[in-house]
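J.: So the protein lines, in turn, are chains A and B. Okay, so the first sequence: first residue is 73 according to this note's numbering, each after it adds one. Okay, so the second sequence: first residue is 9 according to this note's numbering, each after it adds one.
I should point out that these hints are in silico values taken from the structure, not numbers from a laboratory. It cannot be assumed that every hint is accurate.
[Unchecked claim] For each label pair, taking beta carbons as the anchor points, the in silico distance ranges come out as:
| hint | chain 1 | residue 1 | chain 2 | residue 2 | range |
| --- | --- | --- | --- | --- | --- |
| 1 | B | R27 | A | Q79 | 21 to 29 Å |
| 2 | A | H91 | B | P163 | 32 to 40 Å |
| 3 | B | H152 | A | A95 | 35 to 43 Å |
| 4 | A | Q79 | B | L12 | 25 to 33 Å |
| 5 | B | E127 | A | A78 | 50 to 58 Å |
| 6 | A | Q79 | B | H62 | 38 to 46 Å |
| 7 | A | Q79 | B | L101 | 45 to 53 Å |
| 8 | B | L68 | A | H91 | 36 to 44 Å |
| 9 | B | R123 | A | R89 | 42 to 50 Å |
Just so you know, these numbers come straight off a predicted model, no measurement behind them. A virtual CB, placed ideally from N, CA and C, is assigned to each residue, including glycine.
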Amino acid sequence: MKTTFAQIALFSSKLNRQHLQLAFAVLAIAMLVLGIGAPGDGGANPH
Amino acid sequence: MILLTAIAGGLVAGLLWARWQKRSYQAPDLRSTWLVLVGFVPQLLIAYLPATHHLLPNWLAAVSLSASLVLFLAFVWINRRLPGMPVLMTGLLLNLIVMAANGGWMPISPEVASRVLGEDVRNVVALGGRFGQKDILLPLQEMHLEFLSDRFLLPAWSPYQVAFSAGDILIAAGAFWLLAKPTANSNQTNAE
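Bound-form chain B, shown alone (with noise of 0.2 Å):
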C-alpha cells in the first residue's frame, strides 16, 4: 500500500510538472519489461494471492522470491541510467540482502508486528511462523541484519499500520523520482 501511494504520488508530481512546463508527460522508457512479468509470478502466487499462499513449502518459496528478485536486480541494472533507479537498486539491493541473511523472508520482530496488528501477534503467528506476504516473524536475537529488517512503523495515530524496512523506503523514493521525472533513456537521447 505504501509502495504503491509512491508509485501514485509520483505519476501525479509528474504530470502536473509537466504541465507547468507545458509539455506532454513521458512515460520512463523501460527496457526488458518482459524481465518483470517474469520475475512477478512467483511473487503473485506466494505473496499476493491468497489462495496460493501457502500451496508451496516454505524453502521452496523462499528460494521462488530470491529468485525473483535477481530477475528484478537485472531489469533495474538494465534501466540504471533512468532517473530513481540507482535509489531503487539501492533499496533492492538492502532487502535482498536482509532477505537473504534471513532464509529468504524479510524478517520482523513480535513487538513491531504486535503494533501493526493491534494485539500480541504470537496469538496469531508462531515464532518463525510468516507473518504477512513475505516476512517472517524471528526474536531480534535470532535475526541477522536487524538494522535492515521491518522496523519503522507509521505514526500512532495513522489508522493503517505497516512496518517497512530502510530498503522499502528507498524503493518508494526511486519509484517516486522515476515517475516524477522521467526522461528518456541516455543512447535515445543522444540518438535524437
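Same shape as in the complex, but just chain A (with noise of 0.2 Å):
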C-alpha cells in the first residue's frame, strides 16, 4: 500500500502543469476535428 501511493506520488510529481496542458489541448483539437468533419466509413450502420 505504502509502495503504491510512494509511486502515484512519484507519477504526479513528474506531471507538471505542461503535459497536463498538452493533454488538454490535444483533447480539445480532437473533439472539435470529430465535431466539424464529416468523413462517412458506414461506421453505424447495421450489417
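Put the complex together from the two separate chains, hints included.
T.: This is how it looks when you write it as C-alpha cells:
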C-alpha cells in the first residue's frame, strides 16, 4: 500500500502543468476535429 | 479515423521538431475551449454513441448538428491566429455550407457509399436514410453542392475504406499544422 502511494506520488510529481495543458489541448482538438469533420465510413450502419 | 490520424501525425511531427530544435514542445494556447466541450455534446449523442444514434428525430438531430457547428465556428474564429486555424476554418465552412444545403447532413452518393461498404449500400440503407455518423444517402441529382460532398475515397488497395469531403481534407491539414507547429497566441507573444 505504501509502495503504491509512493508510486502515485512519484508519477504526479512527473506530471507538470505543461503535460496537463498538452493533454487538454489534444483532447479539445480531437473533439473539434471529430465535431466539424464528416467522413463517411458507414460505421453506424448494421450489416 | 482519418481525422484522428492527422492529429496523431501532427503531434508526433511537433514533438520530433521540438526535439530536433532542442526545445520543449508547447501545446497550442487555445482560448474558450468550453465552446468545444459544449459543441461536442450533441455530436456525441447524435453521431458517435451507438445507443443514442437514432434517439432524436432526424430533423432535430440535423438542427442540433448545425448548432454545434456554429459553436465550433465561434471557437475557431476566436483562435484564428493560431497556425493551421485558417485552413481548419475553411474546411469547417465548406462542410457547414454543404451540410446546410442538404438538410443538415453530409451527402454521400450510393456509388461512393457502396465503395465504402464493399457491397450495394441500397441493401442496407434506403435513399434519404442516414449513413454512418453524419451522412445522408442521396442520389447525385438530388444532391446540392455535390463537389463539397463526401466524394473522395482512399486508394482501392487500402484495407480501411472511408469517404471524405474537400472540407475534411482541409480540417485534417489544419489540425496537423496546428499540432506540428504550435505557438503562443499573438497577444501572449507580444506580452512576453
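J.: Next, verify each hint and record whether it holds.
T.: Hint-by-hint comparison with the structure:
Between B:R27 and A:Q79 the CB atoms are about 27 Å apart, so this pair conforms to the stated range of 21 to 29 Å. For the pair A:H91 and B:P163, the beta carbons lie near 37 Å from each other, so the given range of 32 to 40 Å is met. For the hinted restraint 35 to 43 Å between B:H152 and A:A95, the CB-CB distance of approximately 40 Å keeps it satisfied. At roughly 31 Å, the beta carbons of A:Q79 and B:L12 sit within the given window of 25 to 33 Å.
Taking 50 to 58 Å as the suggested C-beta distance range, the pair B:E127 and A:A78 conforms, at roughly 56 Å. The hinted range of 38 to 46 Å is satisfied by A:Q79 and B:H62, whose Cβ atoms lie roughly 45 Å apart. A beta carbon spacing of about 48 Å between A:Q79 and B:L101 agrees with the range 45 to 53 Å that was offered as a hint. For B:L68 and A:H91, the hinted distance range of 36 to 44 Å is satisfied, since their beta carbons lie about 40 Å from each other.
Between B:R123 and A:R89 the C-beta distance comes to about 47 Å, which sits within the given range of 42 to 50 Å.
Consistency note: the structure conflicts with none of the earlier hints.
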